[in-house]
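**Student:** Letter by letter, the chains look like this.
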Amino acid sequence: MSLLRRYLRSPAAVGGLVLLLLVVGMAFSAGWVFPRDPLSLAGRPLQWPGASPRFWLGTDNTGRDIAAQVFHGARVSLLIGIVATAISIGIGIVVGALAGFYGGWVDTVLMRVAEAFQTLPNFILLLVLVAVFGSDIQTVTVAIGIVSWPPSARLTRAEFLSLRSREFVQACRVLGMRDARIIFREILPNALPPVIVYASVIMATAILLESALAFLNLSDPNVASWGNLIGAGKNVLRVQWYVSAIPGVAILLTVLAVSLVGQGLNDALNPRLRSR
Amino acid sequence: MSLLSIEGLTVALPKGGDRPDALRDVTLELGPNEILCVVGESGSGKSMTAGAVMGLLPEGVRATAGRVMFEGRDLLALSEPELRRLRGRRIGMVFQEPMTALNPLRSIGSQIGEMFRVHTRLSAAERDARVLALLDQVRIPDPAAAARAFPHELSGGQRQRAMIAMALALDPVLLICDEPTTALDVTTQAQILQLIRDLQRRTGTAVLFITHDFGVVADIADRVAVMRQGEVVEQGPAAQVLNRPAHPYTRALVAAVPPLAPPATRPLSAEAVLSVENLSKTYRKAGFLGRNARVTHAVRDVSLSLPRGGTLGIVGESGSGKSTLARCLVRLLDPDAGRVSIDGQDRLALSKPDLRRDARRIQMVFQDPYASLNPRRRVGELVAQGPMVHGTPRAEAMAQARELFGLVGLDAASLDRFPHEFSGGQRQRIGLARALAMKPEVLVADEPVSALDVSVQAQVLRLLAELREQLGLSMVFITHDLRVAAQLCDRIAVMRNGSVVEEGAAAEIFANPRHDYTRALFAAVPGRGWVPPVAYGTETA
Chain A
1 MSLLRRYLRS PAAVGGLVLL LLVVGMAFSA GWVFPRDPLS LAGRPLQWPG ASPRFWLGTD
61 NTGRDIAAQV FHGARVSLLI GIVATAISIG IGIVVGALAG FYGGWVDTVL MRVAEAFQTL
121 PNFILLLVLV AVFGSDIQTV TVAIGIVSWP PSARLTRAEF LSLRSREFVQ ACRVLGMRDA
181 RIIFREILPN ALPPVIVYAS VIMATAILLE SALAFLNLSD PNVASWGNLI GAGKNVLRVQ
241 WYVSAIPGVA ILLTVLAVSL VGQGLNDALN PRLRSR
Chain B
1 MSLLSIEGLT VALPKGGDRP DALRDVTLEL GPNEILCVVG ESGSGKSMTA GAVMGLLPEG
61 VRATAGRVMF EGRDLLALSE PELRRLRGRR IGMVFQEPMT ALNPLRSIGS QIGEMFRVHT
121 RLSAAERDAR VLALLDQVRI PDPAAAARAF PHELSGGQRQ RAMIAMALAL DPVLLICDEP
181 TTALDVTTQA QILQLIRDLQ RRTGTAVLFI THDFGVVADI ADRVAVMRQG EVVEQGPAAQ
241 VLNRPAHPYT RALVAAVPPL APPATRPLSA EAVLSVENLS KTYRKAGFLG RNARVTHAVR
301 DVSLSLPRGG TLGIVGESGS GKSTLARCLV RLLDPDAGRV SIDGQDRLAL SKPDLRRDAR
361 RIQMVFQDPY ASLNPRRRVG ELVAQGPMVH GTPRAEAMAQ ARELFGLVGL DAASLDRFPH
421 EFSGGQRQRI GLARALAMKP EVLVADEPVS ALDVSVQAQV LRLLAELREQ LGLSMVFITH
481 DLRVAAQLCD RIAVMRNGSV VEEGAAAEIF ANPRHDYTRA LFAAVPGRGW VPPVAYGTET
541 A
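Taken in sequence, the protein lines are chains A and B. The first sequence begins at 1 in the working numbering and counts up by one. The second sequence begins at 1 in the working numbering and counts up by one.
Think of the hints as simulated: they come from the structure by calculation, not from any bench. It should be emphasised that the depicted structure is a prediction, and the values quoted were computed from it without experimental measurement. Some hints here could point you the wrong way.
Chain A stretches covered by chain B per the calculated footprint, using a threshold of three residues with CB under 8 angstroms from any CB of chain B [unchecked claim]:
#1 113–121
#2 246–260
Only part of the chain B face toward chain A is listed, based on derived beta-carbon distances under 7 angstroms [claimed, not checked]:
#3 F366
#4 R376
#5 V389
#6 T392
Glycine included, every Cβ here is placed at the ideal spot set by N, Cα and C.
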């Protein structure tokens, strides 16, 4: 309750939340507002926004409705963002928790693996995964999750390192609890807040990574994602710049919304840091 | 003519605090060549008083009424630059924790020398000479080496000596000491108190000494002011306040100081419930290619036994290995060698799963009431958790937790609150209930009262004594405080550097300590010569 109140006190956080709800609203209403397949031919190609009352955001270079693609793209982008973030945080939490709790050789092995992932630029790694396993939307999402887990593992590990020596953890061990229960039910809830805040960063990057892939024509061409639309527009960028610019603005606003919500959560969870 | 006089000082806390004013109408007088002890429990505003004098109040906190007159000027009306000229030069300050009060990246000598650099025009050579003289004055062995050393290279007591040297560098007329010995061991505390007393006598400095410990007050004070919740409830000459306390709160505080007399001897069973044989635990720190490798013998060759229904006190200073020993007993740590058996069962031979199944035989109560309870669980669940892990159905475990709450003196209605809603003493009761829920044969209590205020400490000690009778508990009680040990222990083992130097019946050790170290410990107990005029535990606030 007080968490919600603290969150609502910051105008930027509220703005982010409203923006995010708008994007979510777009994603949910896409089926009603634009019932037709957004990738089907809708009219004359390259109509400017407002030029035709039927296409208020215009059409792209193959005559598809941009507004429909933006609405349906919200679905794809959010889905990719959420699923990839869940995968990344899931792997990160398990790896980080085990490394932080057990220390010793478990820690050494897991952290070297994390470093192996981190030394490669994650976009390059993503390209390799997509090149090897194909570029349908499921593979792309899983691949994005896989390349972005190391930071959340490090964060979880750092929290565990400081929490595992607390007396309440020792008390649990003295009571005879199993390690798995201590790790996931006693320590993890205490370690979670910074990881949840970090999830917003991962979500924003996941959306950007998918768009970047799509821009290079390496994402799934059969879904109406914002990245695909930007990629389609790049051939007519000089004259009909709106084809790329409109989904670009959508990505910008979504990422901004997610970041603002994350920042707002962070401030609400650590009220003392904020008042400084 | 007083040197410092605080007149009607009121300091307001920011809105939303637990009370509107940190200090309310505080009036204190400190004459030259006098030690005034401000004594009180946590939250009494004693440190805030020192902060107000130094102009070092926390953010958002400010004085709303009153004056702080020092050498004829009102400190509250001074500008920041004017205050800066007074701090260090006219008013010195010694803090509680010397490790955090010193800059870890600069040598002791350069930090003391900075006092002269900031406030005087002495040359580098003169400064160095003054630093050495000061370190010699505070009786640091080998002042030249200490001046070159960094804070982490000195012991806690030496660091505090260095802090005192720094505070006295410019011969201030007023020295403010905020709990300067609280973070130190008793023997070191005795030396530091002696040092402050000597220096004060020699230089005639006035000392404002903040403490929570009536023993320390008895050792050092000329005059005493007792504070409670931001108000001074009683002040006067030390002899009067200590021996004829008038205010009920002062009387309650005095009554909460455990007497340094051995407890009545109780008949003890001859059978040992817990026995420890030749237990050793060594920490090894591997250095790079063998360099800087360190071996610490935390516990060496300790043999002890605890009679059924008895209480064995393990007394020692920090680093004596008493906490490591406790953790070896409950097997939070695995000892390198030796035997620990409970009722004849060898605990060290048990595998991890066996140990988990058999966890109920020995349970532990921890020191820190804030860190020892998971902040995200309701307290009822915390207490019921142990039995539930071992297969007791939830409803039964919760019913049991309800009973235990009654037993440790907590309201059973508060079962579904979170730990942060409880005070330190109440949390310690919850920790105790959690351990008792397992119906242990042996209870290991690691400094269970050392983080608590004296009045709360007395209550928890009384509770432990009652429960021991009621449940027939056998207890290993770890403490650094001989006064506390005297309240509960049937037998006492004194530890130093990992070894037990003396072990025996409590009454015998109190009457006739044989080992030199035990004698030194007794000699260092603050307020040893003072007999509290109000009998222990007879009056409460």
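**Student:** Confirm or reject each hint.
**Tutor:** Hints, verified against the model:
Three residues within the 8 angstroms Cβ limit are the bar, and the segment 113–121 of chain A against chain B gives 0, so the coverage statement is violated. Under a criterion of three residues with beta carbons nearer than 8 angstroms to beta carbons of chain B, the stated coverage of the segment 246–260 of chain A fails, only 0 such residues being counted. The closest approach between the C-beta of F366/B and any C-beta of chain A is roughly 4 angstroms, which is under the 7 angstroms cut-off, so the hint is satisfied. With 7 angstroms as the threshold, the beta carbon of R376/B comes within range of chain A, its nearest partner Cβ sitting at about 5 angstroms, so the hint holds.
Below 7 angstroms, beta-carbon pairs count as interface contacts, and V389/B has one with chain A at about 5 angstroms; its hint therefore holds. Given hint, T392/B at the interface with chain A, is violated; its Cβ is 12 angstroms from that chain's nearest Cβ, farther than 7 angstroms.
Figure legend: structure checked against the earlier numbered hints; hints not met, in rising order: 1, 2 and 6.
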